[in-house]
Amino acid sequence: MFDFLKKKKEEKAPVDNGVLYPAAEGRLLNIEDVPDEVFSKKMMGDGYAVEPSANTFYSPCDGKVSLIPETLHAVGITADTGAEVLIHIGMDTVNLKGEGFTAKVKEGDVVKAGDPLVEADLDAIRDKVPSTITPVIITNIDEYDIVSLDLEGDRSTPCLQYKKK
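The sequence shown runs contiguously to residue 165 in this note's numbering.
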């Protein structure tokens, strides 16, 4: 009856600009340097890659976990900006059927940039796959422009900035 007295909840305004942090410790690479044409030719999207030097893979952004296949070789995150981010750990790692991977999150979890997503035993998988280079891509890149890419930083600073088209 007195609904007009209730304060309306403030809705969060959509964020048009976003950043991605490095998804692992290691050397950052241009996406074109990934040793798989699906990624290097940007068939799935655009982003960057990391040649990991440690076993933990982290969320590159704030968002919600939207995909973890049974093989645990990849994680999809819907960023707070709406960008769909895919972290694909290594090349042909799907063939390992989860061996060497331990998930630290599950689909539906809300994550912050830097939260652990997956532990991968790189020593155990390195000899079983062509590469452990890990692409981090925005799969709905047709909705975004990459503003800048910094491959010289560390995990504490964003390496990719993007904005809504």
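Hints in this document: simulated from the structure, not taken from any laboratory. One or more hints might be untrue.
To be verified - In silico DSSO-like links for lysine-lysine, alpha-carbon gap of 27 Å or less: (1) Lys-64 to Lys-104; (2) Lys-42 to Lys-164; (3) Lys-64 to Lys-128; (4) Lys-128 to Lys-42; (5) Lys-64 to Lys-112; (6) Lys-163 to Lys-128; (7) Lys-106 to Lys-128; (8) Lys-164 to Lys-41; (9) Lys-164 to Lys-128; (10) Lys-42 to Lys-165.
Tested hints:
no., hint, in the structure
1, Lys-64 to Lys-104, "14 Å, holds"
2, Lys-42 to Lys-164, "18 Å, holds"
3, Lys-64 to Lys-128, "31 Å, violated"
4, Lys-128 to Lys-42, "25 Å, holds"
5, Lys-64 to Lys-112, "9 Å, holds"
6, Lys-163 to Lys-128, "37 Å, violated"
7, Lys-106 to Lys-128, "25 Å, holds"
8, Lys-164 to Lys-41, "22 Å, holds"
9, Lys-164 to Lys-128, "39 Å, violated"
10, Lys-42 to Lys-165, "18 Å, holds"
In this structure, the earlier hints numbered 3, 6 and 9 are contradicted, and the remaining ones agree with it.
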